[in-house]
Amino acid sequence: QKEVEQNSGPLSVPEGAIASLNCTYSDRGSQSFFWYRQYSGKSPELIMSIYSNGDKEDGRFTAQLNKASQYVSLLIRDSQPSDSATYLCAVDRFGGGGNKLTFGTGTQLKVEL
Amino acid sequence: SQTIHQWPATLVQPVGSPLSLECTVEGTSNPNLYWYRQAAGRGLQLLFYSVGIGQISSEVPQNLSASRPQDRQFILSSKKLLLSDSGFYLCAWRFRGNYGYTFGSGTRLTVV
Chain A
81 QKEVEQNSGP LSVPEGAIAS LNCTYSDRGS QSFFWYRQYS GKSPELIMSI
131 YSNGDKEDGR FTAQLNKASQ YVSLLIRDSQ PSDSATYLCA VDRFGGGGNK
181 LTFGTGTQLK VEL
Chain B
9 SQTIHQWPAT LVQPVGSPLS LECTVEGTSN PNLYWYRQAA GRGLQLLFYS
59 VGIGQISSEV PQNLSASRPQ DRQFILSSKK LLLSDSGFYL CAWRFRGNYG
109 YTFGSGTRLT VV
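Going line by line, the protein sequences match chains A and B. So the first sequence is numbered by the numbering used here: it starts at 81 and just counts up by one. So the second sequence is numbered by the numbering used here: it starts at 9 and just counts up by one.
Treat the hints with care, since some could be wrong.
No farther apart than 30 Å at their CA atoms in a straight line, the calculated lysine-lysine pairs in the DSBU-like style are these [unchecked claim]:
#, chain 1, residue 1, chain 2, residue 2
1, B, K87, A, K190
2, A, K147, A, K180
3, A, K136, A, K82
4, A, K180, A, K136
5, A, K122, A, K180
6, B, K88, A, K180
7, B, K88, A, K122
8, A, K190, A, K122
9, A, K147, A, K82
10, A, K122, B, K87
11, A, K82, A, K190
12, A, K122, A, K82
Anything over 10 Å on all C-beta distances counts as not near chain B; from chain A, calculated [as the list claims (entries may be wrong)]:
#, residue
13, G89
14, P90
15, S92
16, T104
17, S106
18, K136
19, R140
20, L145
21, D158
22, D163
Since the hints were made in silico from the structure, they are not lab data. Glycine is no exception: its CB is placed at the ideal position from the N, C-alpha and C atoms.
Based on the provided sequences and hints, a complete structural model is requested.
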């Protein structure tokens, strides 16, 4: 079982729609959860972080965490063509003397005009 | 503000040649530092992390090594590159107490 799992996509949504991205993780000791956006050929950019169960909203982005189900999601409202990118789910946990961030393989999002 | 620098941006090296990639962080002290690799079409794989000067933890046995000679400097090295070492190498830092990880701009390495 992979530590962090995401559907690879591509997920295609029309401009203005809501894009829903999902992620599951295997380690119940995980403490913090992040969503990164990565454009082709670029480094990942942090867009959302969430640490406790429930929803966290920031502009057009909403992150949702359910630790009992080991599930994290990201909603993007009013999707724009500029949102087309790969979205990486990442899980942080302490172990081996330090914190480590483990990534899923990413979901490719395409926002179509 | 904190910034992270990586160089070079791109590198083409022959098989069997040595490698040295450098990462430095500005505007902070005592950060946790990380090296990740992203192979073509793959996810990010953690290679090494460091919680302090001279302290290196290896995640995956491989042809690479890492060193941290100064608080804000992290170096990735290889004595002899393999074709399988090709990829996008990313340095990241995490300030203690701050949960976010910030990535450098990366080095795209092609071994030929």
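How the hints compare with the structure:
{"no.": "1", "hint": "B:K87 / A:K190", "result": "violated (41 Å)"}
{"no.": "2", "hint": "A:K147 / A:K180", "result": "holds (18 Å)"}
{"no.": "3", "hint": "A:K136 / A:K82", "result": "holds (26 Å)"}
{"no.": "4", "hint": "A:K180 / A:K136", "result": "holds (23 Å)"}
{"no.": "5", "hint": "A:K122 / A:K180", "result": "holds (21 Å)"}
{"no.": "6", "hint": "B:K88 / A:K180", "result": "holds (27 Å)"}
{"no.": "7", "hint": "B:K88 / A:K122", "result": "holds (27 Å)"}
{"no.": "8", "hint": "A:K190 / A:K122", "result": "holds (17 Å)"}
{"no.": "9", "hint": "A:K147 / A:K82", "result": "holds (17 Å)"}
{"no.": "10", "hint": "A:K122 / B:K87", "result": "holds (27 Å)"}
{"no.": "11", "hint": "A:K82 / A:K190", "result": "holds (25 Å)"}
{"no.": "12", "hint": "A:K122 / A:K82", "result": "holds (25 Å)"}
{"no.": "13", "hint": "G89", "result": "holds (12 Å)"}
{"no.": "14", "hint": "P90", "result": "holds (13 Å)"}
{"no.": "15", "hint": "S92", "result": "holds (19 Å)"}
{"no.": "16", "hint": "T104", "result": "holds (14 Å)"}
{"no.": "17", "hint": "S106", "result": "holds (15 Å)"}
{"no.": "18", "hint": "K136", "result": "holds (13 Å)"}
{"no.": "19", "hint": "R140", "result": "holds (19 Å)"}
{"no.": "20", "hint": "L145", "result": "holds (13 Å)"}
{"no.": "21", "hint": "D158", "result": "holds (25 Å)"}
{"no.": "22", "hint": "D163", "result": "holds (19 Å)"}
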